[in-house]
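Protein sequence lines, in the order shown, are assigned to chains P and Y. No gaps in the numbering here: position 127 of the first sequence is 111 in my numbering, and each next residue is one more. No gaps in the numbering here: position 80 of the second sequence is 64 in my numbering, and each next residue is one more.
Simulated from the structure, these hints should not be mistaken for laboratory data. Just so we're clear, the structure is a prediction, and the values are computed from it rather than from any experiment. Where hints are given, some of them may not hold.
Given that identical chains are not distinguished, each listed pair holds provided it fits within a single copy or across any two copies.
Calculated pairs, SDA-like style, for lysine to any residue (alpha carbon to alpha carbon, straight line, at most 25 Å) [unchecked claim]:
no., residue 1, residue 2
1, K79, L3
2, K79, L(-6)
3, K49, Q100
4, K49, V81
5, K79, T(-5)
Number of protein chains: 2
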Amino acid sequence: MADVGSDQCLTERERGLWLAFIEASHLIERLLDQRLRTETGLAYAQYEVLLRLSRLTYQVTQLEKAGLVHRRNCPSDDRGVVAHLTAAGQRMLDKLVPIHEAVVREYLTGTLGPAQMDALASVMCATRRHLRGQAPADPSPVSCPGEPV
Amino acid sequence: MADVGSDQCLTERERGLWLAFIEASHLIERLLDQRLRTETGLAYAQYEVLLRLSRLTYQVTQLEKAGLVHRRNCPSDDRGVVAHLTAAGQRMLDKLVPIHEAVVREYLTGTLGPAQMDALASVMCATRRHLRGQAPADPSPVSCPGEPV
DNA sequence: CTCGAATAGTTCAAATTCGAACATTGCTCG
DNA sequence: CGAGCAATGTTCGAATTTGAACTATTCGAG
Chain P
-15 MADVGSDQCL
-5 TERERGLWLA
5 FIEASHLIER
15 LLDQRLRTET
25 GLAYAQYEVL
35 LRLSRLTYQV
45 TQLEKAGLVH
55 RRNCPSDDRG
65 VVAHLTAAGQ
75 RMLDKLVPIH
85 EAVVREYLTG
95 TLGPAQMDAL
105 ASVMCATRRH
115 LRGQAPADPS
125 PVSCPGEPV
Chain Y
-15 MADVGSDQCL
-5 TERERGLWLA
5 FIEASHLIER
15 LLDQRLRTET
25 GLAYAQYEVL
35 LRLSRLTYQV
45 TQLEKAGLVH
55 RRNCPSDDRG
65 VVAHLTAAGQ
75 RMLDKLVPIH
85 EAVVREYLTG
95 TLGPAQMDAL
105 ASVMCATRRH
115 LRGQAPADPS
125 PVSCPGEPV
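Can you build the whole structure from these sequences, using the hints too?
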């Protein structure tokens, strides 16, 4: 770690990494969003909701309007609702996933070998874990397939 | 590249990398934004504008309201305007930068050695360059300090 | 010089995000 | 049982982002 200056300023190396990291993440998300939007009419945020059947009120409402998701009261807990995919929602998802995956491979993982991918993932996982405030327990040092999500 | 399956589906490795990457970028930006906001009252987007004296109408208007930036007609080109930092703007910037740098080092670059930083930056630079649709000219294979910005 | 394309900045409306209430329901302890 | 606190979803308004006009200006070719 000969380079990590302990003075307050970031090194040129750190600055460069930060900029590349943050801009790359913006660019790839924007690109993905645009492609999903133009090719399927669905935004990235909505795709994510669809993918994970999340419960964010606003986005679910949008998806419900589009007929892709169906809301129903939860039988066991009257506070909750359950959101199902409709048939149309499943079909939509089938269109979304390949676009997503194509973009990821085209721009992020395409030229990386397994070792590079693992190294990169390892850094990203550490950053994510740290940010989530989790204990640095590290079962499989690399893959972290989905983590708690 | 023994691992990069050429079938349509992402490998588990790719999926994990994508998730970690995108979530880590979200988390660190959110954290940074919150810290800047609570400690200085300025949002990350506004900090970026301040930092680069960008020209986004809305954000500049906000900064102008806050007295951090000053707008004036451009003498040479009547289409443009020039935005200066006010003294208050400079002081604000002096408060923002250390927070930004602390977060970057704390969560992203802190535990990385120079070689790891270079490797990561290299991947991020490639992704960014690709996404910007630039030719893959690669003068310095790593640092890309700021790129055209 | 003059027209048309390109560049800058602004404005506007629609979509989205964000946070602060709010309402409802579950659960636990006395 | 019943009060109090936690959890869940919704609603509301403010702030922001986004994209599509729109205006003004510059630049280059004829």
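Intra- versus inter-copy proximity for T(-5) and K79 (alpha-carbon distance at most 25 Å): between (44 Å within a copy, 18 Å between copies)
25 Å Cα threshold - placement of Q100 relative to K49: Neither, since 43 Å and 47 Å both go past 25 Å.
Same-copy or cross-copy closeness of K79 to L(-6) [CA-CA at most 25 Å]: Only across copies: K79 and L(-6) sit 15 Å apart there, 43 Å inside one copy, limit 25 Å.
Intra- versus inter-copy proximity for V81 and K49 (alpha-carbon distance at most 25 Å): within (21 Å within a copy, 44 Å between copies)
Homo-oligomer pair classification [L3, K79; C-alpha up to 25 Å]: between (33 Å within a copy, 20 Å between copies)
Hint compliance for this structure: hint 3 alone is broken.
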